[in-house]
Amino acid sequence: MADTAVHDTVNRRDFLMIATGAVAGVGVVLTAWPFINQMNPDAAVLAMASIEVDIGAIAEGQEVILKWRGNPVFVRHRTKAEIDAAKAVKMEELKDPIARNANAKDNDSATDENRVVGGKENFLVMMAVCTHLGCVPIGNSGEFAVVQGNAKTGGWFCPCHGSQYDTAGRIRKGPAPQNLDVPPYKYLSDSKIQIG
Amino acid sequence: MSGPSKYQPTSALGKWFHERLPIVAFAKETVVDFPTPKNLNYWWTFGGILAVMMVVQIITGIVLVMHYTPHVDMAFDSVEHIMRDVNYGWLMRYMHMTGASFFFIAVYIHMFRGMYYGSYKAPREVLWMIGVIIYLIMMATAFMGYVLPWGQMSFWGAKVITNLFSAIPFVGSSITTWLWGGYSVDNPTLNRFFSLHYLLPFVLAAVVALHIWALHVPGNNNPTGIEVKSEKDTVPFHPYYTLKDGFAIVAFLIVYALFVFYGPNYLGDAVNYVQANPLSTPAHIKPEWYYLPFYAILRSIPNKLLGVIAMFSSILILLFLPWLDTSRVRSGKYRPVFKLEFWVFAVVCVALGYIGSRPPEGSFVFWGQVLTVYYFAHFIIFLPLMGLLEQPKQTPNSISEDVLAQGQK
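Quick note, the sequences are listed as chains A and B, same order.
Here my numbering is used: position 117 in the first sequence is 117, and no number is missing along the way.
In my numbering, each residue carries its 1-based index in the second sequence increased by 1000.
Keep in mind that the hints were calculated from the coordinates and are not lab data.
It is possible that part of the hints are untrue.
Each pair of labels, with its calculated beta carbon distance range [stated by the list, open to error]:
hint: 1; chain 1: B; residue 1: Ser-1174; chain 2: A; residue 2: Gly-118; range: 22 to 32 Å
hint: 2; chain 1: A; residue 1: Thr-20; chain 2: B; residue 2: Asp-1085; range: 49 to 59 Å
hint: 3; chain 1: B; residue 1: Val-1271; chain 2: A; residue 2: Lys-95; range: 28 to 38 Å
hint: 4; chain 1: A; residue 1: Ala-24; chain 2: B; residue 2: Asn-1303; range: 43 to 53 Å
hint: 5; chain 1: A; residue 1: Arg-13; chain 2: B; residue 2: Asp-1073; range: 41 to 51 Å
Some chain B residues near chain A, calculated using beta-carbon distances under 7 Å [stated by the list, open to error]:
hint: 6; residue: Tyr-1183
hint: 7; residue: Leu-1279
hint: 8; residue: Thr-1281
hint: 9; residue: Ala-1283
hint: 10; residue: Ile-1285
hint: 11; residue: Pro-1302
hint: 12; residue: Lys-1304
hint: 13; residue: Lys-1393
hint: 14; residue: Gly-1407
Facing chain A, from chain B, some residues (calculated, C-beta under 7 Å) [stated by the list, open to error]:
hint: 15; residue: Arg-1113
hint: 16; residue: Val-1160
hint: 17; residue: Trp-1178
hint: 18; residue: Gly-1182
hint: 19; residue: Asp-1186
hint: 20; residue: Gly-1263
hint: 21; residue: Pro-1264
hint: 22; residue: Asn-1265
hint: 23; residue: Ser-1357
hint: 24; residue: Arg-1358
hint: 25; residue: Gly-1362
Owing to the predicted nature of the structure, the values given are computational and were not obtained by experimental measurement.
Ideal Cβ positions, reconstructed from N, Cα and C, are used throughout, including at glycine.
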């Protein structure tokens, strides 16, 4: 085989090589995007937007689990003792000092009041998804529940890796990095909320 | 090692074919004439066992797909349909699920053999690293396969493992949403896991071919850790090792069959016979046994991001093993300190597995942390230091010399 001819200046082949490579490169990147993006949530998933909940039916001390966008949501009618316990906590004791409330400002502090909407502290609405690895925490348990006799009320304990949340759903102990997320919701009336 | 082919086609058709595609010569060189150290013990048979288990998994898997439905409303029932209605469906499924466990039993023995006899050392670093990649593909494949029956453990295992990616700063939650195709593990997740669970075994088979290629360049390591010096040190692969491997494969398959027929659910978790419920996490979730040591490491670190980093590091550190071990003596047989420490490390790995199976409470947390520290210290501190400080025993001059010395005892 003959050796490839050596040129000391830029020639037509160099130009074709660079031009072809550049067009092919851009083409590969542009073509890759649809193949990557097809894995993101599709239109049907995005359409499952909101649910309405009749909170009037939830008695004091009772907690219901609903499904919103594929995930469980806690709606808890808190007792006065639970609210008082949450209010008594000093901000310095919190592992995550941010409210994590979709209805509040991004950097609002995690006071009990900032964990609910419209100052209605009786009803705590939050994602039942542990911020560690996504398990559903168990209610009325853990070290930060209110103890009344030999029963515990409020407070959550994640069975997977031992994260503990207090009566306002704030992370207090264990590997979870954040307070339980409060989803976007609003009061349609005193006894009805819309999540999403 | 495989020199010029000694294969000479005898028939006219054979000659005609050989000139166009020398595949028979290639097969003869690699699986018949291949010169293999004559002192390989039974720990060396697990490569062959693994190849057989991979084929078992692929064949039973292809059959299961003929009867399985990848939809959140039907997946669980279709698995029960396989168990009850499909002819020999119970056998196919039990072979597949028990086969996954036995695949991992074999791979762990294979890996510990490599570690004990220094099979990762020069010139076999690439061979070892390809092995680690095979192990990673096996873990990903097994994880996605476990999701398909859509039981409680399938669902919550999938949720916890995919949530590991949410620990990545800034883009974590976008990545998990992308992996799920939604805001939680749901039907899109099940569908894509099914697709990938079917794809990955074939990727695995291709990487196994690379692994065997990388093995055939330097040839096998052996219990003495000394390179082959002359033809006297070797025997042809066939019939010597086809028979030895064949015997070991049959013995292994007998134990496998005992589990398939008499204890198919012994290695699994009973909770996975409860259909997935996205609103309720089982009281104790734990992964399949072969992930438990890494799960224990994840849980030992009380910080989400650092826990995830530690877990992935504990596997990826294996890629650096050839350079972390500084000893110039290859086989653990001639390294008195390493030999002892190796068994301590093996016990630590098993103990981590036990901790991973227990709830994260009380002294299990403390011991998990101690063992995690030891696991990493083995690689980062003990291996480099032992290689520099320990006085190895005298190694024999050749494989033949060692074999003859053993015979005289």
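Outcome of the hint check:
no. : hint                               : verdict
1   : B:Ser-1174 x A:Gly-118: 22 to 32 Å : holds, 30 Å
2   : A:Thr-20 x B:Asp-1085: 49 to 59 Å  : holds, 57 Å
3   : B:Val-1271 x A:Lys-95: 28 to 38 Å  : holds, 30 Å
4   : A:Ala-24 x B:Asn-1303: 43 to 53 Å  : holds, 44 Å
5   : A:Arg-13 x B:Asp-1073: 41 to 51 Å  : violated, 59 Å
6   : Tyr-1183                           : holds, 4 Å
7   : Leu-1279                           : holds, 5 Å
8   : Thr-1281                           : holds, 4 Å
9   : Ala-1283                           : holds, 5 Å
10  : Ile-1285                           : holds, 5 Å
11  : Pro-1302                           : holds, 5 Å
12  : Lys-1304                           : holds, 5 Å
13  : Lys-1393                           : violated, 46 Å
14  : Gly-1407                           : violated, 55 Å
15  : Arg-1113                           : violated, 33 Å
16  : Val-1160                           : holds, 4 Å
17  : Trp-1178                           : holds, 5 Å
18  : Gly-1182                           : holds, 5 Å
19  : Asp-1186                           : holds, 5 Å
20  : Gly-1263                           : violated, 27 Å
21  : Pro-1264                           : violated, 27 Å
22  : Asn-1265                           : violated, 23 Å
23  : Ser-1357                           : violated, 14 Å
24  : Arg-1358                           : violated, 12 Å
25  : Gly-1362                           : violated, 10 Å
Hint compliance for this structure: hints 5, 13, 14, 15, 20, 21, 22, 23, 24, 25 are broken, all remaining hints hold.
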